[in-house]
Amino acid sequence: MRSYHLDSGAGLAGLTIRDHPDPVPRAGQVVVAVRAASLSFRELMIARGDYVLPVKPDVVPVSDGAGDIVSVGPGVGSRRIGERVTATLFPSWQDGPFGIEHLPQRGGSLDGMLTERAVVDEDALVPVPGHLSYEEAATLPCAAVTAWNAVTGADGLRPGQTVVTQGSGGVSLFALQFAKTLGARVIATTSGPEKAARLLGLGADEVIDYRAVPDWPARVRELTGGRGADRVIDVAGLLEQSLKAVAVAGHVACVGFVSDTAPPLDARTLFASGATVRAVAVGSRAQFLAMNRAVEVNDLHPVIDRVFPFDQAHDAYRYYASGKAFGKVVITV
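Per UniProt numbering, the very first residue in the sequence shown carries number 1; after that it's consecutive.
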């Protein structure tokens, strides 16, 4: 079998591929033949060396992947050979609130999915929805679960409420799809007419081009009769603007800081908004399973921009880093 390896901070030049013996599962483990993996922004942070969680030396990178079980270790009872599965990003986080005990994460402090064979604990596995391909299923563990948590967590979203999504990355597109499924109105922001048209095609009710309308929070308020959005999914670290766009006592789900120039937050803006700001760290296995039920019942399909073969992983990383993708970038194994 072959695996890619990377030292955090080494950049793409440090992404190397090596041969290994086929792994043997221990008690409670299975071996997954990985069929596809997908990139998230955390993978770029790990390559650059600025990821917020620990990364072990010579890690097998990439948290997200899907495949089928090819062998099982002693004591495995709930999984079977041939079953199509994905794996949770935080293997020990089964349910409830996130805690420091759940910090070990796939593709960081634990080996990830950019490999032909991955050893995974039985209780970290999640079955693949039947209507999804391996490529589609590989996009779920990080971006989709994060979006599900952002949309449904902390009192959840109610039909008729308004959600603001930012841009056309994986989390934002999943959030748009989930919010529409739950009966919400979605206002999406983006950077041009072509992307605006595609967002409308995915179900966005309104799209704001933030290049043409730099004060997009004011436009959100116009579109909501001065009230503001009930929930803002902030993927860019633009908390000052998000708080100006959210309704009094609304909810801002802070997913990350994909912007290199995220401004500091003025505490007066936070206080004046009366809003809740919640940091979202992906989600638990229970949330993953709930999300998959919604994906299957509503026949949802992830948005994939481009697929690269395993031997072109460097090209996949470079394309993802370019910011050109509308949706997920996938590597087939």
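Hints were generated in silico from the structure; no laboratory data involved. Just so it is clear, CB atoms sit at the ideal spot from N, CA and C, and this is done for glycine as well. Among the hints, erroneous ones may be present.
[What the hints assert, rightly or not] Below are the EDC-like pairs computed for lysine to aspartate or glutamate, each with C-alpha atoms no more than 16 Å apart in a straight line:
(1) 195 - 222
(2) 180 - 299
(3) 56 - 68
(4) 180 - 206
(5) 324 - 222
(6) 180 - 215
(7) 195 - 205
(8) 56 - 7
(9) 324 - 296
(10) 56 - 83
(11) 180 - 296
[What the hints assert, rightly or not] Restraint ranges, calculated between C-beta atoms of paired labels, are given here:
(12) 70 - 301: 18 to 28 Å
(13) 99 - 56: 41 to 51 Å
(14) 306 - 264: 13 to 23 Å
Verification of the supplied hints:
no., hint, verdict
1, 195 - 222, "22 Å, violated"
2, 180 - 299, "13 Å, holds"
3, 56 - 68, "26 Å, violated"
4, 180 - 206, "12 Å, holds"
5, 324 - 222, "30 Å, violated"
6, 180 - 215, "25 Å, violated"
7, 195 - 205, "14 Å, holds"
8, 56 - 7, "8 Å, holds"
9, 324 - 296, "29 Å, violated"
10, 56 - 83, "30 Å, violated"
11, 180 - 296, "15 Å, holds"
12, 70 - 301: 18 to 28 Å, "26 Å, holds"
13, 99 - 56: 41 to 51 Å, "21 Å, violated"
14, 306 - 264: 13 to 23 Å, "35 Å, violated"
Figure legend: structure checked against the earlier numbered hints; hints not met, in rising order: 1, 3, 5, 6, 9, 10, 13, 14.
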